[in-house]
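Colleague: Sequence:
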Amino acid sequence: MTETIMPAGPHGTGRLEPAARRVVAIAARAGAARYDRMRHLPGLIRFVPEDKDPVAETERILALLARALRAERNRARAGHWTYDLNRHIALHQAQRAEAERLSALRAGGPAAAREPCAARPERP
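Residue 99 in full-length UniProt numbering sits at position 99 of the sequence shown, with consecutive numbering throughout.
Treat the hints with caution; some may be incorrect.
As the list claims (entries may be wrong) - Okay, the calculated beta carbon distance ranges per label pair:
hint, residue 1, residue 2, range
1, His88, Glu59, 34 to 40 Å
2, Ala76, Gly108, 35 to 41 Å
3, His88, Gly108, 30 to 36 Å
4, Ala71, Arg29, 22 to 28 Å
5, Glu50, Gly108, 32 to 38 Å
6, Asp53, Ile26, 18 to 24 Å
7, Arg22, Arg75, 40 to 46 Å
8, Arg70, Ala30, 21 to 27 Å
9, Asp36, Ala76, 23 to 29 Å
10, Val24, Lys52, 30 to 36 Å
11, Asp84, Ala33, 20 to 26 Å
12, Met38, Glu17, 34 to 40 Å
Just so you know, these hints were derived from the structure itself, not from any lab.
Ideal Cβ positions, reconstructed from N, Cα and C, are used throughout, including at glycine.
Let the hints inform the model, and build the full structure from the sequences given.
Modeller: Here it is, written out as structure tokens:
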């Protein structure tokens with residue numbers, strides 16, 4: 001038996017079945033692993049990290065990402081024409097990566113040992 005996405009509601013949207021949910025979770029983890037905050041944050045939430053106070057800054061970023069995700073989910077539920085699935089996925093990946101960074105910063109782990117954002121070389 002194959003698992004499918006079941007249509008529901010007026011716009012044909014449905015809930016993800018367990019197999020599809022697992023695939024989405026795997027994709028989100030993979031995207032979070034490739035996340036580069038200097039490259040991705042300005043396009044997602046119009047915020048450029050400075051690393052003056054990494055913990056407070058990461059908390060602020062997480063709050064901004066949560067707000068942006070809430071707005072994107074509302075657009076999806078409403079079937080609004082401006083909803084963007086790719087943006088929704090990118091916001092989720094960024095939120096996951098920033099949450100991992102915050103927990104590592106608080107624990108003094110590997111993310112805390114990384115060089116600050118401002119010291120990263122520019123991309124060509």
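Colleague: Using the C-beta atoms of His88 and Gly108, is the stated range 30 to 36 Å upheld?
Modeller: holds, 32 Å
Colleague: Quick one: are Ala71 and Arg29 within 22 to 28 Å, going by C-beta?
Modeller: holds, 23 Å
Colleague: 34 to 40 Å was suggested as the range; check whether the CB atoms of Met38 and Glu17 agree with it.
Modeller: holds, 37 Å
Colleague: For Val24 and Lys52, compare the CB-CB distance with the range 30 to 36 Å and indicate the outcome.
Modeller: holds, 35 Å
Colleague: Taking the CB of Glu50 and the CB of Gly108, does the distance hold inside 32 to 38 Å?
Modeller: 21 Å Cβ-Cβ, so the 32 to 38 Å window is violated.
Colleague: Return holds or violated for the Cβ distance of Asp53 and Ile26 against the range 18 to 24 Å.
Modeller: Given about 33 Å between the Cβ atoms, the range is violated.
Colleague: Tell me if the beta carbons of Arg70 and Ala30 are separated by a distance inside 21 to 27 Å.
Modeller: holds, 24 Å
Colleague: Honestly, do Asp84 and Ala33 meet the 20 to 26 Å range at C-beta?
Modeller: holds, 22 Å
Colleague: Cβ-Cβ distance between His88 and Glu59: within 34 to 40 Å?
Modeller: Check failed, 22 Å falls outside 34 to 40 Å.
Colleague: Regarding Arg22 and Arg75, is the given constraint of 40 to 46 Å on their beta-carbon distance met?
Modeller: violated, 25 Å
Colleague: Is 23 to 29 Å respected by the C-beta to C-beta distance linking Asp36 and Ala76?
Modeller: holds, 25 Å
Colleague: Tell me if the beta carbons of Ala76 and Gly108 are separated by a distance inside 35 to 41 Å.
Modeller: Distance hint for Ala76, Gly108 holds at roughly 38 Å.
The structure fails to meet hints 1, 5, 6 and 7 from the earlier list, while all remaining hints are met.
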